[in-house]
Amino acid sequence: MLNVALPKGRLGEKVYAMFEKAGFECPSIKEKNRKLIFENEEKQVRYFWVKPSDVSIYVERGAADIGVVGKDILLEYSPDIYELLDLDMGKCKMAVAAPKGFYDDSERTLKVATKFSKIASDYYSSIGREIDIIKLNGSIEIAPILGLSDVIVDIVETGVTLKENNLEVVNSILDISTRLIANKTSFKFKSKEIERLAESIKEQIK
Amino acid sequence: MIDEKILKNEEKAIFSLRSLYKKYGYLPYKMSKFEEYELYIRNKDFLVSDRIITFNDTNGKLMALKPDVTLSIIKNGEDVSGYKQKVYYNENVYRVSESTKHYKEIMQTGLECIGEIDLYDVFETITLAVRSLEIIGEKFVLEISHLGILSAVMSEISNNEIFSKKAIDFISQKNAHDLKRLCEEYEVEDADYEKLAVFVKSYGERKQVLEELKGVCLGAAKQSYDEFCEISKMIDECEYSDNIIFDFSVVNDMNYYNSIVFKGFIDGICDGVIAGGRYDKLMRKMGRKSGAVGFAVYTDLLEQLQNKKSEYDVDVVLIYNEKDDKIKLKNEVEKYIENGKTVSVQKSVTSNLRGRETVYFGKENKDA
Numbered sequence: 001m002l003n004v005a006l007p008k009g010r011l012g013e014k015v016y017a018m019f020e021k022a023g024f025e026c027p028s029i030k031e032k033n034r035k036l037i038f039e040n041e042e043k044q045v046r047y048f049w050v051k052p053s054d055v056s057i058y059v060e061r062g063a064a065d066i067g068v069v070g071k072d073i074l075l076e077y078s079p080d081i082y083e084l085l086d087l088d089m090g091k092c093k094m095a096v097a098a099p100k101g102f103y104d105d106s107e108r109t110l111k112v113a114t115k116f117s118k119i120a121s122d123y124y125s126s127i128g129r130e131i132d133i134i135k136l137n138g139s140i141e142i143a144p145i146l147g148l149s150d151v152i153v154d155i156v157e158t159g160v161t162l163k164e165n166n167l168e169v170v171n172s173i174l175d176i177s178t179r180l181i182a183n184k185t186s187f188k189f190k191s192k193e194i195e196r197l198a199e200s201i202k203e204q205i206k
Numbered sequence: 001m002i003d004e005k006i007l008k009n010e011e012k013a014i015f016s017l018r019s020l021y022k023k024y025g026y027l028p029y030k031m032s033k034f035e036e037y038e039l040y041i042r043n044k045d046f047l048v049s050d051r052i053i054t055f056n057d058t059n060g061k062l063m064a065l066k067p068d069v070t071l072s073i074i075k076n077g078e079d080v081s082g083y084k085q086k087v088y089y090n091e092n093v094y095r096v097s098e099s100t101k102h103y104k105e106i107m108q109t110g111l112e113c114i115g116e117i118d119l120y121d122v123f124e125t126i127t128l129a130v131r132s133l134e135i136i137g138e139k140f141v142l143e144i145s146h147l148g149i150l151s152a153v154m155s156e157i158s159n160n161e162i163f164s165k166k167a168i169d170f171i172s173q174k175n176a177h178d179l180k181r182l183c184e185e186y187e188v189e190d191a192d193y194e195k196l197a198v199f200v201k202s203y204g205e206r207k208q209v210l211e212e213l214k215g216v217c218l219g220a221a222k223q224s225y226d227e228f229c230e231i232s233k234m235i236d237e238c239e240y241s242d243n244i245i246f247d248f249s250v251v252n253d254m255n256y257y258n259s260i261v262f263k264g265f266i267d268g269i270c271d272g273v274i275a276g277g278r279y280d281k282l283m284r285k286m287g288r289k290s291g292a293v294g295f296a297v298y299t300d301l302l303e304q305l306q307n308k309k310s311e312y313d314v315d316v317v318l319i320y321n322e323k324d325d326k327i328k329l330k331n332e333v334e335k336y337i338e339n340g341k342t343v344s345v346q347k348s349v350t351s352n353l354r355g356r357e358t359v360y361f362g363k364e365n366k367d368a
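Chains as they are written, first to last, in the numbering used here: chain A, 1 to 206; chain B, 1 to 368.
Pulled out of the complex, with its shape left as it was, chain A reads as follows (with noise of 0.2 Å):
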């Protein structure tokens, strides 16, 4: 049995269809209702919808033994898996966006706030500059506009959001992809399942 970690949400179902058509069919997962786990005997697979951020932890702990998880995820938890292929779905970059305008005193401590600590940290210490990291759990937007933090790290996608609250991309830091990847154990002993999936599924995003 196959066991497959999916984001919740639009991302998770579009991801759902490729594994579809990859011949891993679940149809009791199109059922409209609030289970999480679905199961298909005879294709020997189980899927599980969880947090996109948790994607990786069930991975990473063998309850499932592939998944599908942002870049994000996965550079800022660090987790100990093996990273099969780029979906090239869910595009977006990671960058530093800061109030229009804004001036980069380098003899002050830069204030930061954001939801990917370790990113920010990694980020910053590669170009030498010392800051303070402020963590937040959502709503970074307006840390700037009340003074909280100077510039915030976060994922831009349209960058509506950012223009809306009167912010500006100053910096990118990555460009960010959506993942597929694949519990250390469980690739060495289902490894034909798993290998006929991800070459499936290339097939797919070419």
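If you're looking for bench data, these hints aren't it; they were derived computationally from the structure.
Take these hints with a grain of salt, some might be off.
Simulated pairs of lysine-lysine, DSSO-like, Cα-Cα distance not exceeding 27 Å [what the hints assert, rightly or not]:
1. 165(B) / 139(B)
2. 166(B) / 118(A)
3. 180(B) / 206(A)
4. 206(A) / 195(B)
5. 30(B) / 115(A)
6. 33(B) / 5(B)
7. 118(A) / 104(B)
8. 195(B) / 192(A)
9. 44(B) / 8(B)
10. 30(B) / 93(A)
11. 190(A) / 30(A)
12. 91(A) / 5(B)
13. 118(A) / 8(B)
14. 195(B) / 202(A)
15. 43(A) / 91(A)
16. 118(A) / 165(B)
17. 166(B) / 139(B)
18. 165(B) / 195(B)
19. 202(A) / 180(B)
20. 192(A) / 21(A)
21. 33(B) / 281(B)
22. 207(B) / 192(A)
23. 61(B) / 75(B)
Computed, partial: chain B to chain A, Cβ under 10 Å [what the hints assert, rightly or not]:
24. 135
25. 178
26. 269
Think of the CB as a built atom: it goes at the ideal place given N, C-alpha and C, for glycine as much as any other residue.
Position chain B against the provided structure of chain A, taking the given hints into account.
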């Protein structure tokens, strides 16, 4: 005689592993719980975590509760011409747990072969690693990589340390897509990317991996490649050869390890339970001239293997009354034990203890 039923998975494994290592002439290595802190600071990259519990000894010296055993074995040994020190250990080490972020006492078993070692010793270590896996679980895989091949090919492609470090990370993640992007970023030629991609894409059956690697290992990597072929031939003759595969995603720290490295997996345990390899570079760093090979078994992970959960805590819950004859009660208990049953003597039935059967001792209790 030890009743095996009462042993936990990890306890059973430790006994069997000790007996296995002893058969091959490995001697037990016993050491103090403490070690001078300086030893670890000089070699902190070798440790799984650099967080160490320290304290001042009565003479003011800064000491540590040992987070590792290998460093102590190397430090306390000496190079003797023609001799190989073969030891196994079974020790508690103190590390920060990755999940709880607090210090944890971890039982670790392992073996080291230190001295004028050659390919035979590497082969013997691999054999013992795979037999250790067989003791621990039913389905197991030992995957082997050769850092000599990887570092030779890498140095032919680029001398940039940052590039090499990132490329090796991607190889360890089987991440061909980001490896390609990295090569583009560092203007590495497509042909060289293809060489590196072989290390990601080629894994599994040993002969096939060797065939796929052939074209990549023509230059500086040739010597290591030949060694890899030789070890593969030796493995062909080994009892569990089908369980031993080649996989370059095993990348131990190249500052310490060289040549052959390996990792062992058991179905049902989410992380590798055995890790080891040849670590001549660590020996040099610690001023030793000879070579070394060894591995550790992370016995703490074995609790992930599901024991059949018992429905009962004891076979018999024997309920007595304070007025009962204590000698007769004791005799009754002995009778059950002689019949191979476990007995818990209690004053009343409680939900804290699950007995297969509940027996009331004496008439008074029966009426109660």
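Q: Take a quick look at whether residue 195(B) and residue 202(A) sit within 27 Å of each other, Cα to Cα.
A: Holds: residue 195(B) and residue 202(A) sit about 21 Å apart, inside 27 Å.
**Q.** Agreement of residue 44(B) and residue 8(B) with the hint, judged by alpha carbon distance not exceeding 27 Å
**A.** 33 Å, violated
Q. Within a Cα-Cα threshold of 27 Å, do residue 206(A) and residue 195(B) meet the stated pairing?
A. 22 Å, holds
Q) residue 192(A) and residue 21(A): Cα distance at most 27 Å? A) Answer holds: residue 192(A) to residue 21(A) is near 17 Å, not above 27 Å.
Q: With a cut-off of 27 Å on the C-alpha distance, tell me whether residue 43(A) and residue 91(A) pass.
A: This hinted pair is violated, its Cα atoms lying about 30 Å apart.
Q) Does the alpha-carbon distance linking residue 195(B) and residue 192(A) stay inside the 27 Å limit? A) Between residue 195(B) and residue 192(A) the Cα gap is close to 24 Å, so the pair holds against 27 Å.
Q. Is the interface hint for residue 269(B) satisfied, with its Cβ closer than 10 Å to some Cβ of chain A?
A. 6 Å, holds
Q: Closer than 10 Å between Cβ atoms is the bar; does residue 178(B) clear it against chain A? Give me holds or violated.
A: 7 Å, holds
Q: With a cut-off of 27 Å on the C-alpha distance, tell me whether residue 118(A) and residue 8(B) pass.
A: 39 Å, violated
**Q.** Restraint status (C-alpha distance of residue 165(B) to residue 195(B) at most 27 Å)
**A.** With a Cα-Cα distance of about 16 Å, the restraint between residue 165(B) and residue 195(B) holds, given a limit of 27 Å.
Q | Restraint check for residue 33(B) with residue 281(B), where alpha carbons must lie at most 27 Å apart | A | It holds: about 26 Å lies between the C-alpha atoms, which stays within 27 Å.
Q.
Would the hint linking residue 166(B) and residue 139(B) be met if the CA-CA limit is 27 Å?
A. Violated - the C-alpha atoms of residue 139(B) and residue 166(B) are around 33 Å apart, more than 27 Å.
Hints 1, 5, 6, 9, 10, 12, 13, 15, 17 and 24, counting from the list given before, are not met by this structure.
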